[in-house]
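J.: With chain A's structure known, arrange chain B on it following the hints.
So the sequence lines, in the order shown, correspond to chains A and B.
Using the UniProt record's numbering, read the first sequence as starting at 1 and increasing by one per residue.
Using the UniProt record's numbering, read the second sequence as starting at 1 and increasing by one per residue.
Errors might be hidden in some of the hints.
In this list, chains with the same sequence are indistinguishable; a pair is considered to hold if it fits within one copy or across any two.
For lysine-lysine, the following BS3-like pairs were computed, each having C-alpha atoms within a straight-line distance of at most 27 Å [said to hold, decoys possible]:
{"no.": "1", "residue 1": "K164", "residue 2": "K192"}
{"no.": "2", "residue 1": "K390", "residue 2": "K418"}
{"no.": "3", "residue 1": "K333", "residue 2": "K164"}
{"no.": "4", "residue 1": "K205", "residue 2": "K323"}
{"no.": "5", "residue 1": "K333", "residue 2": "K418"}
{"no.": "6", "residue 1": "K205", "residue 2": "K219"}
{"no.": "7", "residue 1": "K219", "residue 2": "K323"}
{"no.": "8", "residue 1": "K192", "residue 2": "K219"}
{"no.": "9", "residue 1": "K437", "residue 2": "K164"}
{"no.": "10", "residue 1": "K333", "residue 2": "K323"}
{"no.": "11", "residue 1": "K390", "residue 2": "K39"}
{"no.": "12", "residue 1": "K39", "residue 2": "K409"}
{"no.": "13", "residue 1": "K409", "residue 2": "K390"}
It should be emphasised that the hints constitute simulated quantities derived from the structure, not laboratory data.
Number of protein chains: 2
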Amino acid sequence: MNLINETHDINLTSWVESANQANIDFPIQNLPFAVFRRKNSNEEFRGGVAIGDQVLDLNVVATANIFNGLAQEAVVAANAPALNEFMGMGQEYWSALRLALSQALRAGSEHQHALADALVAQSDIEFSMPCHIGDYTDFYTSIYHATAVGRLFRPDNPLLPNYKWVPIGYHGRASSIDVSGQVFHRPNGQTKAPDAEVPSFGPCKRLDYELELGIYLGKGNALGDAISISNAENHVFGFCVFNDWSARDLQAWEYQPLGPFLAKNFASTVSPWIVTTEALAPYRTCWTRDENDPQPMDYLESAHNREAGAFDIQMDVLLESEKMRADGTPACKLSESSFKHSYWTVAQMVTHHTVNGCNFLPGDMLGSGTQSGPDHEEAGSMLELSRGGKESITLANGETRTFLNDGDKVIMRGWCEKEGFNRIGLGFVEGTILPAK
Amino acid sequence: MNLINETHDINLTSWVESANQANIDFPIQNLPFAVFRRKNSNEEFRGGVAIGDQVLDLNVVATANIFNGLAQEAVVAANAPALNEFMGMGQEYWSALRLALSQALRAGSEHQHALADALVAQSDIEFSMPCHIGDYTDFYTSIYHATAVGRLFRPDNPLLPNYKWVPIGYHGRASSIDVSGQVFHRPNGQTKAPDAEVPSFGPCKRLDYELELGIYLGKGNALGDAISISNAENHVFGFCVFNDWSARDLQAWEYQPLGPFLAKNFASTVSPWIVTTEALAPYRTCWTRDENDPQPMDYLESAHNREAGAFDIQMDVLLESEKMRADGTPACKLSESSFKHSYWTVAQMVTHHTVNGCNFLPGDMLGSGTQSGPDHEEAGSMLELSRGGKESITLANGETRTFLNDGDKVIMRGWCEKEGFNRIGLGFVEGTILPAK
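Next comes chain A alone, as it looks inside the complex (with noise of 0.2 Å):
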C-alpha cells in the first residue's frame, strides 16, 4: 500500500514566499485544517487551511467555485463554523480536496489570483475548536507511563495483567475540551493525605499535564458494526497535540473502582490544526512487538499494521512560569518524545473501540493517552518528571518544580520529520493555569 503521492513531494514550492522556508510547521506538504476568524472581529468561524504563515481562508475558497468534484462539495462543506460534515464525508473527499489545495497553492498555479484575497496572517486570527467532538475517548498507548504510573500507585504490581492485550482505554469529558489558549482556574476537590484520617476539600495540590496526541475520527460506523483493522485508518481524518491536564491528588482519592473522574474533566486543551492522516504518511514506520509479549488478538492484527501502523510524530513540553515572563526569559524544554513508542497503533485503538458495535460520529476524539518514551527524561507528565513529586525539577531559569504553580504556562508541539521529505508541524497548544476559586 503506497501510501506516498504528489502532495508530499519535496520539491513542491507555493506561491504563498512564507511555505517555503526551511524548517516550518506548515509547508505546502503539510495543508492542516483549522476554524479560524479574525481577531477582535464579528466574523463568522469558518475553516482555513494552514500554509506559511498565512492560513487559505475555505469561505473565499469555496465561494470562489474554483475546484471541481469532490474537492468542490468538500470546500463547501469545510466552510463552516465547524468541520464535522466535511470530516464526515470520508477518505475521498478529503484526499481530492487535499489534491486540490496542494494545486491551487503550488508556484505557478492558475488559481494565484483567484485566491490572493483568500490569505490571512496568522498572527491577525483566533481559533474555535476545529470541530464539535460528540464522544472524547482517553487511551493509555504508551506501556512506559503506564509502568512509571502504576509503579507510584501499586509498588508491587505496576502493570496490569491486562495491558499487554487490551488497548485500555475510558471516557473522558467532551464539554470541557477547549482550544488552545485556554486558561482555567486550579480544580477544587476532595483528596486524602496517605496518613489522613478523613479526606478534606481545597484546591489541588499535585496540577500536572499530560503529552498526548489527540486523533479526530472522520467518517463514523453505525451503531453495531464494527470497524476492521483493515478499515479503521480510513475512519482517521487527522491529529493534534493535546494536553489532558490532571489533578493527580484528586485522582489518587477519587479513582477506584471506575476510573478518573473529577481529577480529568476541569479543562482539556487542543492544539488548533489538524494535520490529516494523508500529511503524515512519509513519516509512518512499522510497529513492532517485543517478542516476549504476548502478540496482538486476530482482529487487532495485520500485515499493514505491521507494516506502518507507527507515526513518528515528535513532541515535546515546555514550561513558561510567571518568573519567566517577567523576566522576559524564554520557555524551558521539560522533556521530549515520540508516538512511535505507542504500544498500540491509532488502527488498533479505532478498530478495538468499535469491536462491540460502539459507534464514532465524525468529530469524535481519541487521546493516545500520555506519550512517555522508554527513558525518565522523555516522560510526559510532571507525575513522572518528579518521581511522584520526591524529585524537584529544576527549570532553566533555577525554579523548581514537583507540580505545576498557578501562573505556569504549559507549550506542547508536535512535528515530523524523514530524511527525503520535509519537515513538518502539528503546531503547538498552550494553557495557563488561574489561581484556584
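T.: What follows is chain B alone, placed relative to chain A:
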C-alpha cells in the same frame, strides 16, 4: 421552600378524557416532554407533551400562539427536533410553560377548541431521543449495589474507602444512547476466565441490564463556575428511566485501572418521556445519612437537601423472553426498587460534578447508577440477583437465567405515588438483544 403549586392539585381534571382515569402514567399533573412524530411518516420530529393516552403536539401549540410571555417563548423553543434549547432556558421558562399547559389542558379551558387538533394518539407515534446528549456521566449512588458488586469483585473489601465521601461517577459514552425500542447485537470482546492463562475473544457471556434513572441537565454552567448545592436543582430539567446495559465479563477483564469501557458503551437506552423536576415535587422526601457514617462535606450539605433532596421514584424491571413472546405469556417481573435509597441526592451529584469547574451543557445526562434496594430481591441487575452468576433465577414460566439470553426484551418502568396526590409515571424503556454478529 414550598415546591407544590396548583399544577400538582389532585382535583385537576382534563378535557382529554383519557387523562382522568385512575392509576395512569400521564394525568394532567404530570405533563412530561418527549420528541415524536407520527409512525412511518416523513414528518419532522418535534416536542410533545403526554396527556392521558394522547400526545399534545407542540408544533400545533407553538403555531396557535395562545400562550404569552415566557410560556410562548418556551413552547416555540420546544417545537424542535431536540429539546436542548428549551432545556437551556432555565427554571422560569420551564415553570411558565408547565403552568400554561396545565391551564390549557384543564377541563373547561378556553383553549380546548384551539388544541383539539393538537392531539395525536400515543399508539400512532414514534419517538426520537428527546435531546442531544453532549456528555453522559454515570454515577454509582446505590450503596447496596456498590456493596453487592464490590463483594463479587473484591470479597474482602467490597466497599472502597472513598464511597461514603465521594459521589463516585465516571464518564460514559453518549453516541450509543438511544430511545426505548433499541435493538442491539450482543457485544463481542475480550474476556478472561479466572482459570485461563490468556484471554479469549468472542460474544459476551454475561450480558446484564442496570436499572437506573437518567437525569437531564437543563441550564448549563460556564467552565470554571461550580454549581453550589443550594442552586443545583435549578439546573435539573427532569428524569427518565434508563437501562445501562453491561457486559460483565468484558468489564471484569478491562476495567482496571481506568474503569469500565467496552463493557458499557455498546448500548444504553432511555425512556422517551422526560418527567420534569417540578412534576416530581410532591414525591420528594427527606434525605438522611446514617449517623454512624461520615456526614457529607460542607459543599455537599444543605438544609433543603436534608429536607427534600431525595425523590421517591419507584422502579421495576421485567423480562420478556422469546418463549414468552411465542407462547403469548406476559413479561415477568424481576425486581422492584426506589430511588429514595440513593446514598447521594441529585443535587449532590450536580454539585460534586462541577466543584472542580467542569461545565454542563443543556441536555447532558447523569445516570443514577443501578438502583438496588437494601434487600437482595430489590437488586437492579442480574449480576446481583444471580449472585455473580452462581444462582439461577427462575422466571414465571419456568425458564431460568443467570444473565440475559439472545431474544430477551428487558422492560423498566418508573412511577411515583403519594397520599393526597395523583400517581404519575415515567413511562417505560425497553430494549431487545439480538445474537452477536
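J.: Evaluate K390 and K418 at a C-alpha cut-off of 27 Å and name the case that applies: within, between, both or neither.
T.: neither (38 Å within a copy, 58 Å between copies)
J.: Within, between, both or neither: how does the pair K437, K164 come out at a Cα-Cα threshold of 27 Å?
T.: between (41 Å within a copy, 26 Å between copies)
J.: Under a CA distance limit of 27 Å, which applies to K409 and K390: within one copy, between copies, both, or neither?
T.: This pair counts as within: shortest intra-copy Cα distance 22 Å, inter-copy 54 Å.
J.: Indicate which option fits the pair K39, K409 if close means a Cα-Cα distance not exceeding 27 Å: within, between, both or neither.
T.: within (21 Å within a copy, 55 Å between copies)
J.: Since the copies are identical, ignore which copy is meant and state whether K219 and K323 lie within 27 Å (CA to CA) inside a copy, between copies, both or neither.
T.: neither (45 Å within a copy, 40 Å between copies)
J.: Quick one: K164 to K192, C-alpha cut-off 27 Å, is that within a copy, between copies, both, or neither?
T.: Result: close only across copies, 13 Å inter versus 31 Å intra.
J.: Between K390 and K39, at a C-alpha cutoff of 27 Å, which is it: within one copy, between copies, both, or neither?
T.: The answer is neither: 43 Å in one copy and 64 Å across copies each exceed 27 Å.
J.: Is it within, between, both, or neither for K192 and K219, if the alpha carbons may be no more than 27 Å apart?
T.: Neither: 43 Å inside a chain and 32 Å across chains, both beyond 27 Å.
J.: How would you classify K333 and K418 at a CA-CA limit of 27 Å: within, between, both, or neither?
T.: within (22 Å within a copy, 64 Å between copies)
J.: When no copy is specified for K333 and K323, does a C-alpha distance of 27 Å or less occur within a copy, between copies, both, or neither?
T.: For K333 and K323, only the intra-copy Cα distance (15 Å) is at most 27 Å; the inter-copy one is 66 Å.
J.: Tell me, please, which holds for K205 and K219 at an alpha-carbon limit of 27 Å: within, between, both or neither?
T.: neither (41 Å within a copy, 31 Å between copies)
J.: Is it within, between, both or neither when you check K205 against K323 at 27 Å Cα-Cα?
T.: within (20 Å within a copy, 58 Å between copies)
Checked against the numbered hints listed earlier, the structure breaks hints 2, 3, 6, 7, 8 and 11; every other hint is satisfied.
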